[in-house]
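Protein chains in written order, with the numbering used here: chain G, 692 to 953; chain V, 407 to 709; chain F, 825 to 1180.
None of these hints come from the bench; they were simulated from the model. Here the structure is a predicted model, which means the values were calculated and not measured. Among the hints, erroneous ones may be present.
[What the hints assert, rightly or not] Computed footprint of chain F on chain V; a stretch qualifies when at least three of its residues, placed anywhere within it, have a C-beta under 8 Å from a C-beta of chain F:
#1 480-492
#2 495-503
#3 514-523
#4 625-634
[Said to hold, decoys possible] In silico contact screen, one side only, chain V against chain F (beta carbon under 7 Å); selected entries:
#5 Pro532
#6 Val618
#7 Ala669
Backbone N, C-alpha and C fix where the C-beta goes; we use that ideal spot for every residue, glycine too.
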Amino acid sequence: MSLIARDIHLRLGRTDILHGVDLTAPVGRVTAIIGPNGSGKTSLLRALAGEIVPVSGRIALNGLPIVGMRPEVLAGHRAVLPQQSAISFPFTAAEIVRIGLTSVAGDQIRQGALIGEALAAVGLPGHAGRLYQELSGGEQQRVQLARALVQVWQPVVDGAPRWLLLDEPVSSLDIAHQIAVMRLAADYARRGGGVVAVMHDLNLTGMFADHVLLMRGGRAMAEGAPAEVLDSALLSDAYGCRLRVGEVPRAGVWLLPHSATL
Amino acid sequence: MNARISLAEPARPACLCMTLLPMAAALAGLLWAAPAPAGSYPEAGRVLSIGGAVTEIVYALGQQDRLVARDTTSSFPPEAEALPDVGYMRALSAEGVLSVAPDLILSEESAGPPETIAVLKEAGIPFETIPDGTGEGGLIAKIEAVAEALGVPEAAEAPVARLQAELDALAALAGKTETRRVMFILTLQGGRVMAAGQDNEADTIIRMAGAVNAVQGIEGYKPLTDEAVTAAAPDVILMMHRGEATADLDATNDELAAVPALATTPAVKNGAVIRMDGLYLLGLGPRTGRAALDLHDAIYGGS
Amino acid sequence: MVALDAPRGRLAGDRRHLGRALAAWLTLLLLAVSVLSLGSGASGVSAAAVLTDWAAGRDLAEIDRVVLFDIRLPRLLSGVLVGAALAVSGAVMQGLFRNPLADPGLLGVSAGASLGAISAIVLGGLLPPSIAALAGWHLVPLAAFAGSWVAMIVLYGIATRQGRTSVATMLLAGIALAAMIAALSGLIIYRANDQQLRDLTFWGLGSLAGASWTKLGAAAPIILAALAVTPFLARGLNGLALGEAAAAHVGLRVQRVKAGAILSAAAATGAAVAISGGIGFVGIVVPHLLRLLAGPDHRWLLVNSGLLGASVLIAADMISRSVVAPAELPIGIVTAMIGGPFFLWVLLSNRRVLDA
């Protein structure tokens, strides 16, 4: 059980975005996709989500090809947190989260409880009645995360894992909430689900990722354990600036000292 | 086009469900029956008159006491304006018409909308359509038709005789002088000349007055290009003045002269601009003979 | 830790109970306005008395029967259908375009309908008499409906590539199409005589004065069918509020929602415009007001828009029939004159929400 992409070629309009990318995201782990701007991270995630169809290559979710999968079935297997979400009407936080339950069966009271739990899980208890448009950017991002969470609330159903696909889930958050949200993702994976997240913050990647895909120019540069991919030479090459990876000995995670120079 | 629309049966509530079917809807449109014979209603004491000319004729026949209401276009004689107004003749409301409780409706051909007319006919109120008449015979037929519908054919004699005399006078005047070319200007918005071509009331009255319409080859009232205005070279310009506020509404001679295309015309050079009341000039009612004579005098400088 | 704060275990921020309560009140309002409308009119016929007589099987006076059953009743039902169609189509379009100012006009429906009506009014006389007689005085509504439908199909065709409809393309192509249609209309208007011009003006202002059982019979099935589809769009439109991609992520068949929204709104509006001519503002004001009262959740918004739209149009019709009785004002004047300032007031008093 995993999320597998093989030789993905992707084109948007007349531009080739991905040139044969492979990824094997294991279940029970947090997989991070990293790389500089324009390297194709988000496009890869959108392809994994079934949102855009690659020109060639195949994507299998828990062993099933996602091309041709009915949207409501696909929605039962994975939830997606997009990068930004502008909302057109004055919905409350609870109403936004409820949209995540579109393809989920269940009675009203149970669903109401679920929405409350999800909001509490992202650190927004008591915000259910607030208008989404009046929340801060970070709060909005967490409401969207709650919306994705309710869709695949149980990480494992009937022995099959479910997946959270997150596009920069912590981009608008302060450091405490960054850690809280990453912990939430890690916990989801620990309970048997799968998580694939596009990450910009390499330190958080080092702290929380179990599996890393490094991309540049629409190609995979490296894939593997953080210890292998978060390498000074690799990262410096990928991002085009000199980076030095250090290690916090006791925690066993890899951190970039902030003295990186261009 | 004196057609009467008859629905299969007066719709009773019980059978409404049937008429709801679209098929029935399409069929109902097919049921155009033969023209109904003109009726005569000497007893009618609550007459609704629709159309300026028809209302004028009712007054000309001396039958105004039988009127209970009129439409918006019926503004002459001024007393008519005291009557309740059931709205513009092309946008009548069925219940509004019924609310004045008429026992006879006299209407020009163009009254509408058709749905309203259909309901009114179904309501069992006599609905007499007076044919539009423009030529000599048409004007007289119009007066006679109204008199017939009101059940007072003899009342038509005096107005018809007067109209006939006026028409005869016009005929006698015809050809006595060199024919002059007249341009009727409906509006002069922003210096753009909206003039009368053929097939409209202005063209009719110009011809009745023994003149020639300077604008040939277009239908109705249309904006003219400056060059067409110059080419038309009218000897006389004819315009309407609308009631009291004449000066505000219509172009003065100076304003006409300020339009380059008009400035070159003989009419403007000679100051030959005639202004007449719109309804009198274009009403095509019982006063039309008089109006045509007046216009003739104005064009040819009296006799 | 679960945020259940209301006494009945209701989640804060869940406003569906408001929508439900509002639906009940709006139903009552619609009934009240309908009774009022049936009972009022220039002729002073008492609906209560006539209905009592009718129920008792007594013979009805000709005038009473015509006023109640052939004038007021078809007019009331037309008002209900047209009002509901305009308001619901407005709400659907706003959901689809994710913009509170969207209306079915963006689908080319209004432009197409007015081109149809203009053609019928001005060029109807050129038809062979046999065809003209067949269509009879339904020529204008038929042409308006056909025009709206053709314009929408063209626009939908332009905006749809490989089974995907681009809402943005539709919006922009709609502007181009509207300009072309306006030019064509202008060309036809140039041919029009004075009387036809006045007919066009009145048509554009809208009126229920032409309501009849025949018209209603033709339009009602279309409007009712279109309205019946809309509840199935509610979840989809809620999802679209997050954007098309996110709507697909939560398991919605986005293309189906878009096609359903476009077809139902175009059909309902086309048929409504055919009955009544152009009536503005109902489609924007009604959904907007309801969103302020009970939130934008389409599950109740669409139903409530139908109820309130019907009530508003019937009320506007009562005003249009009474202020200049026995004549009447075009209803479009009434809706715009009341709707405009009201909408402005709503906007100004809710600036905070709008600017957010």
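Structure-based check of all given hints:
no. : hint    : result
1   : 480-492 : holds (count 3)
2   : 495-503 : holds (count 8)
3   : 514-523 : holds (count 6)
4   : 625-634 : holds (count 4)
5   : Pro532  : 13 Å, violated
6   : Val618  : 22 Å, violated
7   : Ala669  : 27 Å, violated
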